[in-house]
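Chain A is already provided as a structure; the job is to place chain B on it using the hints.
Respectively, the protein sequence lines represent chains A and B.
Position one of the first sequence corresponds to residue 1 (our numbering), numbered consecutively onward.
Position one of the second sequence corresponds to residue 1001 (our numbering), numbered consecutively onward.
Please keep in mind that the hints were generated in silico from the structure rather than gathered at the bench.
Warning: the hint list may mix true and false statements.
No more than 25 Å apart at the CA atoms, straight line, and that leaves these computed lysine-lysine pairs for DSS-like [said to hold, decoys possible]:
id	chain 1	residue 1	chain 2	residue 2
1	B	K1082	A	K106
2	A	K79	A	K56
3	A	K3	A	K225
4	A	K56	A	K106
5	A	K225	A	K212
6	A	K225	A	K19
7	B	K1082	A	K79
8	A	K70	A	K230
9	B	K1082	A	K70
10	A	K142	A	K126
11	B	K1050	A	K56
12	A	K133	A	K146
If we take Cβ atoms under 7 Å as the criterion, some of the chain A residues that face chain B in the derived model are [what the hints assert, rightly or not]:
id	residue
13	G31
14	E74
15	A78
16	S90
17	F92
18	N94
19	F113
Looking from chain A toward chain B, a few residues come up when the C-beta cut is under 8 Å (computed) [to be verified]:
id	residue
20	I117
21	F118
22	I123
23	E190
Since the structure is predicted, the reported quantities are computational estimates derived from the model, not experimental observations.
C-beta: ideal position from N, C-alpha, C; glycine also.
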Amino acid sequence: MSKPILHIDNLSKSFGGLKLFNEVNIELQQGTINALFGSNGSGKTTFFNLIGGYEKPDAGKIHFNGLTIKYHNEFEIAKAGIGKMWQEPSVFPNHTVLQNLLVSDKTHPGENFLNYIFRGNSIKKKEFELKEKAQNILQDFKLGNKSGQLAGSLSLGEKKLLCISMLLMNDARLLLLDEPFSSVNPDTIERISSALSDLRSNGKTVFMIEHKIKFAEAISNTIFKIENCKIEKLN
Amino acid sequence: MNWMHILFMCEIYVILSLSANLVSGYTGLLSFANAAFYGLGAYVTTLVMKNFGFNYFPSLLIAITFNVLISFIITFFSSRLKDLYFTLATLAFQVVVFSVLYNWEKVTGGSYGISEIPGVNILGYGLNGTKDYAILGGFFAAIVISFFYFFQRTPFVRLLECIRDRELGAVSLGKNISYYKFICNSVAAAFIAIAGSLFAVYNSYIDATSFTLNESILIVNMILIGGTGNLIGPVFGACFYVMLPELTRMIPIDSTQGASLQMIIYSLILILVVRFKPNGLFGKFKFQ
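Here chain B stands alone, though its shape is the one from the complex:
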């Protein structure tokens, strides 16, 4: 078992689930577009590094900017949508992005993907091996966790929670709901770009199948099981989902049965959590 690899994947999913939590847990908008932004972050970083010869960090900045711009456009068209309609809009966006990534062969490599992605170079030191990437991932995960730790007790988050609980009440107090949705979606898209870029440089290969609707559902499951509207829930959910396959591998059965067992355990846990802990294990907010 490669613990450094598991740690790195935990870090990536912690970033993803915390970002999803910002949109779903604090503003109550259930988004299925997280994997789309994750994919865009990975592809933009890769394309900038490979085509323009940029180093990792400038490429990451470009990926973040790109994701924020796309999120502006999506939020502009969906800011008046509520509940299920917003979720459907994000679902449509997810499907569109996947189709583009999968079919635009000239740019994205289509089903072949893009290989030989350059590694990260920090002041002449080229990151090499899983341990180095786990440290880099840890650095970014720490930034994201600190951001949410700092923000969770601010008047800004208090207002987001109020919008989530009673949007009309917030409107009648003169709050511009669209502005807050813009901010949340943009910040989430920026953080997701970081996760995508890390994933690309770590694997040195990406293809569209890593960014399917299933991935978005997985991220939503993480925050459903861990719980939304706080810091610990999404972090727990992310680590739990990454660790579970490793733990099931310890059970002495063959790999085909092991995969089925994993799905059974996933489903069982989800059913039990939804039935007995509808807010998630550590959550404050229940999806209606």
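Isolated chain A (complex conformation):
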């Protein structure tokens, strides 16, 4: 039996006079794929922003692995293991696919300025190890032949795949994916579906916003729907 990784208690959020969420309670299990549906403007992206720490809730608490999200910055939450793919995948366009993955590692000693003075050797060693890890991830995501290509030149579907692989490189345990299947061709949908299933097998938890109900239903363990300021579990 899997254990809960994300637990949301009585979450409420309003913008001015507009109430988006009223005492929402949900729980996500580790190693599952979860989909969130809702009409346009119902607050799906805002809900993800609340989980990722980009917005603060008015009331209620979000717990992730012992961390209460209300009290942390967005980068600390990402560091704790919640990775987010935005609707417009946030790859770094002027860097190669491989470099995008290398920069995604959160323990790289080369990103700490003082390490160049005190731990110069460990930087080269880590960079070498990371390159190997990155190449393996790219092979798994069928992006191996694009590793030297600028990320900005990839198709939207490939950017989404790259973004998911970056979250994997980042060692995210909960992946928040904002519309991973939208505006991509059937072949890429297949590749993304297969990648998400693999992530689930490896114990990662996926929570995605999706309009293509058919594709999401096919791979999701749990489906949630936003309606009337509440989030209901449909299955």
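Chain B alone, transformed into the frame defined by chain A:
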């Protein structure tokens, strides 16, 4: 034409433009506070040398520390600001520093400035003449260039470029953006202090009019024309701007017309570069 003087000024502006490039070219923050830090470096070095009788190098260290501390404070208050708002904050800082330097007569000499600044003494040898200072300037410029040469291919700079290109993407990977802005602004402020201290001891006189907003705009122009996000662009921009007045002097017209001609050439080049080479002549990154 005094080539040693031109060389020395090139060295100072290479340090300034490379430092500006660290903030603007690698993190994408357009700063107009470079002349403020330049002035602070010059004044702190001068005041420590004159009031406490320190030698040049300890005074320089104090100036560097002072600049880094000030940059910490500025970055603390501006780290959440983006794009134009950050630029406006640096502009305000530039204006405040100039006003303090210009009006705090008791300490800075106000509009009279400070004269008779002691020269540099290295192990009993007092630097004398432009050639000596050009060598000292060359030494510091070489350190700064080597620093950027070494750093431009490191994971640290790679991350800075990623922050510049897509800050939100870097945040969602758990990168602490404020930390990187702190580091960049501090390193830039430290290098700018070196340029300021060199300027003070070379001229043996400073006043606030050398550190106006115009000077900051000039430094930004250097990196706009040369290009940002790499080593060659700012170095070219700095040398180009220092050399251009000397080259226009060769044109046989009187000095008043010559000054106007210089401004026309500056403006024309800037317009042409912005129109046809928006990344600068050698740059990798375009300001949005």
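Hint by hint, here is what the structure shows:
Restraint check: the Cα-Cα separation between K1082 (chain B) and K106 (chain A) comes to about 24 Å, which is no more than 25 Å; the hinted pair holds. About 18 Å separates the Cα atoms of K79 (chain A) and K56 (chain A), which keeps this hinted pair within 25 Å; it holds. At most 25 Å may separate the alpha-carbon atoms for a hinted pair to count; K3 (chain A) and K225 (chain A) meet this at roughly 22 Å. The straight-line distance between the Cα atoms of K56 (chain A) and K106 (chain A) is roughly 24 Å, inside the 25 Å bound, and the hint therefore holds.
Of the pairs offered as hints, the one joining K225 (chain A) and K212 (chain A) holds, with about 13 Å between alpha carbons and a cut-off of 25 Å not exceeded. Taken as a hint, the K225 (chain A) and K19 (chain A) pair is honoured in the structure, with Cα atoms around 16 Å apart against an allowance of 25 Å. As the CA atoms of K1082 (chain B) and K79 (chain A) are separated by approximately 23 Å, the hinted pair is consistent with the 25 Å bound. Pair hint K70 (chain A) plus K230 (chain A) holds up; C-alpha atoms about 19 Å apart against a cutoff of 25 Å.
Proposed proximity of K1082 (chain B) and K70 (chain A) is supported: the alpha carbons are some 24 Å apart, at most 25 Å. For the hint pairing K142 (chain A) with K126 (chain A), the CA-to-CA distance comes to about 24 Å; that is within 25 Å, so the pair holds. Note on K1050 (chain B) and K56 (chain A): the hinted pairing is violated, with a Cα-Cα distance of about 53 Å set against a maximum of 25 Å. Restraint check for K133 (chain A) and K146 (chain A): satisfied, since their Cα atoms lie roughly 15 Å apart, inside the 25 Å limit.
With a cut of 7 Å, the hint placing G31 (chain A) at the interface with chain B is violated, because the nearest CB-to-CB distance is about 22 Å. With its C-beta approaching chain B no nearer than about 5 Å, E74 (chain A) sits inside the 7 Å limit, and its interface hint holds. Checking A78 (chain A) against chain B by beta carbon gives a least distance of about 4 Å; that is within 7 Å, so the hint holds. With a least beta-carbon distance of about 3 Å to chain B, the hint placing S90 (chain A) at the interface is held under the 7 Å criterion.
Of the supplied interface hints, the one on F92 (chain A) holds, with its beta-carbon coming within about 4 Å of a beta-carbon of chain B, less than 7 Å. Nearest Cβ of chain B to the Cβ of N94 (chain A): about 5 Å, under the 7 Å cut. The hint holds. Contact between F113 (chain A) and chain B, as hinted, is supported at the beta carbon level, the nearest pair being about 5 Å apart and thus within 7 Å. Interface hint at I117 (chain A): violated, since its Cβ lies 12 Å from the closest Cβ of chain B, which is beyond the 8 Å cut-off.
Evaluation of the F118 (chain A) hint against chain B yields a violated restraint, the C-beta minimum of about 14 Å exceeding 8 Å. Satisfaction of the interface hint for I123 (chain A) is found here, the shortest Cβ-Cβ separation to chain B being roughly 7 Å, below the 8 Å cut-off. Interface restraint check: E190 (chain A) against chain B, minimum CB-CB distance 26 Å, threshold 8 Å, status violated.
Of the numbered hints listed earlier, those contradicted by the structure are 11, 13, 20, 21 and 23.
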